[in-house]
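Residue numbers (the numbering used here), protein chains in the order written: chain A, 518 to 939; chain B, 518 to 939; chain C, 518 to 939.
A portion of the hints provided could be inaccurate.
[As the list claims (entries may be wrong)] Reference listing, derived: stretches of chain B covered by chain A, where coverage requires no fewer than 3 residues with Cβ under 8 Å from a Cβ of chain A:
| id | segment |
| --- | --- |
| 1 | 566–573 |
| 2 | 901–913 |
[As the list claims (entries may be wrong)] Straight-line C-alpha distance at most 27 Å; calculated DSS-like pairs for lysine-lysine:
| id | chain 1 | residue 1 | chain 2 | residue 2 |
| --- | --- | --- | --- | --- |
| 3 | B | Lys-524 | C | Lys-843 |
| 4 | A | Lys-529 | B | Lys-524 |
| 5 | B | Lys-524 | C | Lys-728 |
| 6 | B | Lys-529 | C | Lys-524 |
| 7 | A | Lys-524 | C | Lys-843 |
| 8 | B | Lys-529 | B | Lys-613 |
| 9 | C | Lys-843 | C | Lys-529 |
| 10 | B | Lys-561 | A | Lys-817 |
| 11 | B | Lys-561 | A | Lys-581 |
| 12 | C | Lys-853 | B | Lys-522 |
| 13 | B | Lys-581 | C | Lys-853 |
Honestly, the hints are just simulated from the structure, not real lab data.
Built from N, CA and C at the ideal position, the CB exists for glycine as well.
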Amino acid sequence: GLELKTKDGNFKIALNGRMQVDSQVNVVNEVSPAFSGNPALTNKLDDGVGLRRARLGVEGTMFKDFDYKFEYDFTRGNGTTGAGVTDAYLRWNYDKAFSIKVGSFKEPFSLEEATSNRFLTFIERNMIVNTFIDNPNTYKIGVGANYSQERYQIATSFQTEPVGANPSGSTSSASSINTNGGSNRNNGSGDTGWEANARVSGMPWMESKTKFLHIGASGSYVDVNNNFRQNGTFNNGGFSFVSVLDNNVDRSNVLNTGNLTNANGSKIVEDFTRFGAESALVYGPWSAQAEYIQTNISGKGYHNDTLEGYYGYVSYFLTGESRNYKSKTGAWDRLKPSRNFDFHSGGWGAWELAAGWDYIDLNTDNIKGGRASTAKLGLNWYPNSHFRLMGNIIHVLDLNSTTRGFNKADLDMFEMRAQVDF
Amino acid sequence: GLELKTKDGNFKIALNGRMQVDSQVNVVNEVSPAFSGNPALTNKLDDGVGLRRARLGVEGTMFKDFDYKFEYDFTRGNGTTGAGVTDAYLRWNYDKAFSIKVGSFKEPFSLEEATSNRFLTFIERNMIVNTFIDNPNTYKIGVGANYSQERYQIATSFQTEPVGANPSGSTSSASSINTNGGSNRNNGSGDTGWEANARVSGMPWMESKTKFLHIGASGSYVDVNNNFRQNGTFNNGGFSFVSVLDNNVDRSNVLNTGNLTNANGSKIVEDFTRFGAESALVYGPWSAQAEYIQTNISGKGYHNDTLEGYYGYVSYFLTGESRNYKSKTGAWDRLKPSRNFDFHSGGWGAWELAAGWDYIDLNTDNIKGGRASTAKLGLNWYPNSHFRLMGNIIHVLDLNSTTRGFNKADLDMFEMRAQVDF
Amino acid sequence: GLELKTKDGNFKIALNGRMQVDSQVNVVNEVSPAFSGNPALTNKLDDGVGLRRARLGVEGTMFKDFDYKFEYDFTRGNGTTGAGVTDAYLRWNYDKAFSIKVGSFKEPFSLEEATSNRFLTFIERNMIVNTFIDNPNTYKIGVGANYSQERYQIATSFQTEPVGANPSGSTSSASSINTNGGSNRNNGSGDTGWEANARVSGMPWMESKTKFLHIGASGSYVDVNNNFRQNGTFNNGGFSFVSVLDNNVDRSNVLNTGNLTNANGSKIVEDFTRFGAESALVYGPWSAQAEYIQTNISGKGYHNDTLEGYYGYVSYFLTGESRNYKSKTGAWDRLKPSRNFDFHSGGWGAWELAAGWDYIDLNTDNIKGGRASTAKLGLNWYPNSHFRLMGNIIHVLDLNSTTRGFNKADLDMFEMRAQVDF
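Chain A extracted, bound-state conformation (with noise of 0.2 Å):
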């Protein structure tokens, strides 16, 4: 990007940018027969291309002390202008170590999560983070508070949907108890449903910048909303949990707990705690990767039914390259190939091997959402530290769902992005 500053770095403005082109072509799409209720409603996955994300930001430190930042992501919120937002946040930093900000940013909450889209292994992030922690909107307004030394960090916040905000994996007004008429700022909808986050992260054992083991946990009580009209008639509120099956070009919810707030009361979601266990180990250009994460749900017609999942994998740099790890973040950073790709000197850049297993469940006693496991392979061409072409065959294992013909399906899909940032 644009980096300007000062001498004494008192002073800062950085303009910085990405761009995701994607494509997904569903090489096996083996669906049961469409949905007999309704013909068009038929139930393949769709090839396609897209653009997954395209922000732009702006960041920047004054009088030393006092950061800010600002990135809108031009592809993202379906319509809703003030969707897009994601980073927009005041900062104050005590020292090097110590942070308190104030506005939108991510929930602390799995390392997946915590590390950039910019910077992930496959093309998506695995289920359980998608399901759990991204498709929810990640991007929350409130406060945190952030500690960090070279080998551990503690992140912390509490925060709330903004007023108007439509979070991506549930129903447009999921998250609302406004009902003044539709009058709030972003075309209605969203309100409190406050939610305290942590997590704690860590490095037991640490040899080298090459050589280390990773190890986390997070922490999360969500508040869900929900407004009866004065009849006792559902308005508005609850939640629900969707997920795609490690792609996104087409963003069919082939698994979805439906809302878990019924319209006649009979069921009411009233909050939900989240528990996460992540670990990592990079030994030279070899590393794996692996996390659980569990979302108990509570309220009535609920017995703290519990949705779960995991998923683990293995990459392997064939030109020798170790994954990058930023100690501040407890985080995967940018990774800089050993020689860039120079058609007319010879080089050729950094290549990435990847496999992996995804699994996710979303039924319960009490809950119906579905099932998914999925094996993938990844090959990553990194021409240089800021482009990135990826390729992944995304295998369907097994899949439970209940919506239209995906129970059952045979599914096998080729994806492709191109990525630049700066």
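Assemble the complex: chain A is given as a structure, and chains B and C must be docked to it using the hints.
Okay, now just chains B and C, sitting in the frame of chain A:
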């Protein structure tokens, strides 16, 4: 922000931005029982947080005499992309005093409207300024001419709603006469409705930069579009005036005239005029400011009906600073604390106390828009010249409203804002 | 704009933008009585003003051979955030002549389309270019390859509608085959519909930079999606061609084929081809330009039906400049006045006169889209290389239309534009 320029200053470019993170807690929220006709329409104000403004702008100078500015507010517009545009103009400067501009810019009217929202004393503008100027979209397209000397300023404009604009304070197509199948830019609506505006202001007494009196007057004529079908029925157009109560996280229009053009054509607002008088006194750390605005409605069924109001407040800098005034615009400018906040070396920034009274009356013989008055207290902390924390307490003194249960409601709000601009 | 680069030029970043403020006054507006079926649908053209384009873009080079560009138009897209994206691509340069790009970029087709809208002679592109290339969204996603030498250029691409795009010239889901519950990115619609495009152009005669002849040819094959439900009824897809009359503030589609795929399936547009021939002559301050484009419709109910048209115009710089040509793109480039406008020292910038003829025919045996021809006059003032004022008079010579009362309408329009780009 980021500013680059050539040595002679003939070429410049600057990147600017602002973020305002707001919260609203309704401490007292006593309203009448919900509107009986529709149990969904409860009438309490909602607590919550929101991103009030998130703007990025580029401005520059080329070939010495030519300026431009473009600014976009990413939280504005309720889903209509084009509606987030604020300033978007080209300007030619004859000399330092006289300039002509064309494009989208603010109507020249009122001291508080002329003041950037970054430099307001209270979190929200006072009710008359919001209702008569800011809410019906003050960023209109047209031509403007400005002349300024050190002791006085004249600003004039001839502007109109851009094709496709939705005036935020009125119904969605309030200023439109376009009916060709919604084929206009920005999703239909919006057309001529020309208006002429002027503001004259100056300093009759000025002892120094910190001891002076500012006075001014504004006038405006606005033509309103009304579009009737060939069979005589009303299609769209008209105008409405609405108001919130010095709050903005919950945007319920507690005061609302409804469309002043009736569907059956018995009442038609054809045009309105606005007049404003403004004054401000700075005396060292003390300052006082007051404005009066009236709007006169003309048309079928109206007899020059007058909507009006006023506000006044005093402010005192505990840390000794004076409000900063800009002669070029005849409005308030950025405050620079005597000593910036620095936790480690002991500076505490600037601290300001303010108390005000705010009144608006939207009732006449022919219009029942309601009436409200509030008392408010503010505490502002400026850790440095670009960051700001604000706290406001709003006490509603008197409320006459035809909007659901808000008539005679007992309301006390606590609002906070964290702001950065760069 | 703002451009920063390293000394060796291997790393660059630039921030660019443009604004166009337009007005339209319909001097003669004689149409037939309003469409009898719906009195709301009157058929006059509206007067008004609008922000035609407001774009910001970032482009850069990294590691010498790698480029990127992202540009967003804040007035584009009718409320769909993602639809404002224009260029969004990554590019690799083999050498100065050959490059490959991936992402969103313009189809390589036609001289007038290849020319930036900042450098057009008239305010709007001619009807055939708008109708056949620009209106159906020329910014598509795919891969492209370019080869250029000083005297000739070859551009090819393989592109498609991004998932979720609404082609602006057609019905809202015209290119979509996605029916999985509208779960695609950007609010549904949009899918494959692949197309292949190529443009070859060059200068068979070039005496100097100000005396030369440009000629070129373009060809394109476009596959159209049609989605029928299992019971045989039409769901979405198809394609329509529409046209305004060299105006854009009022965007009524006076010419309109309607969807070439009928709801009952009796007519289905399966694909179409486009062919274009272009020529331009520069001879000192004089220039002339002409293009012909035809579109051939194939499918059920069509017998290679041909829609076609042409335009031609001459331009003369009163102040002696010549049109500026760029070999890299085979298109027009920025004009630099011999002497900039400076009120105080007496420079008057550049002045250009232009006169043109514009014709399109959307009628065939099977298609009744209408037919129009216009004569137009233009006067352009370039106070300097980055500001521009334009005035156009459009006289409609002949109008055959099935759209409401526009058939044989008598229309004269006066349009103005103020433009800055940086």
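We went through each hint and held it up to the structure:
1. 566–573: holds (count 6)
2. 901–913: This one holds; 3 residues, not fewer than the three required, reach chain A with a Cβ under 8 Å.
3. B:Lys-524 - C:Lys-843: 31 Å, violated
4. A:Lys-529 - B:Lys-524: 22 Å, holds
5. B:Lys-524 - C:Lys-728: 38 Å, violated
6. B:Lys-529 - C:Lys-524: 22 Å, holds
7. A:Lys-524 - C:Lys-843: Violated, because 41 Å separates the two Cα atoms, which is more than 27 Å.
8. B:Lys-529 - B:Lys-613: 16 Å, holds
9. C:Lys-843 - C:Lys-529: Holds, at about 21 Å.
10. B:Lys-561 - A:Lys-817: Answer holds: Lys-561 (chain B) to Lys-817 (chain A) is near 25 Å, not above 27 Å.
11. B:Lys-561 - A:Lys-581: This hinted pair is violated, its Cα atoms lying about 43 Å apart.
12. C:Lys-853 - B:Lys-522: 21 Å, holds
13. B:Lys-581 - C:Lys-853: The given pair, whose Cα atoms are some 16 Å apart, holds under the 27 Å limit.
Checked against the numbered hints given earlier, the structure breaks hints 3, 5, 7 and 11 and satisfies all the rest.
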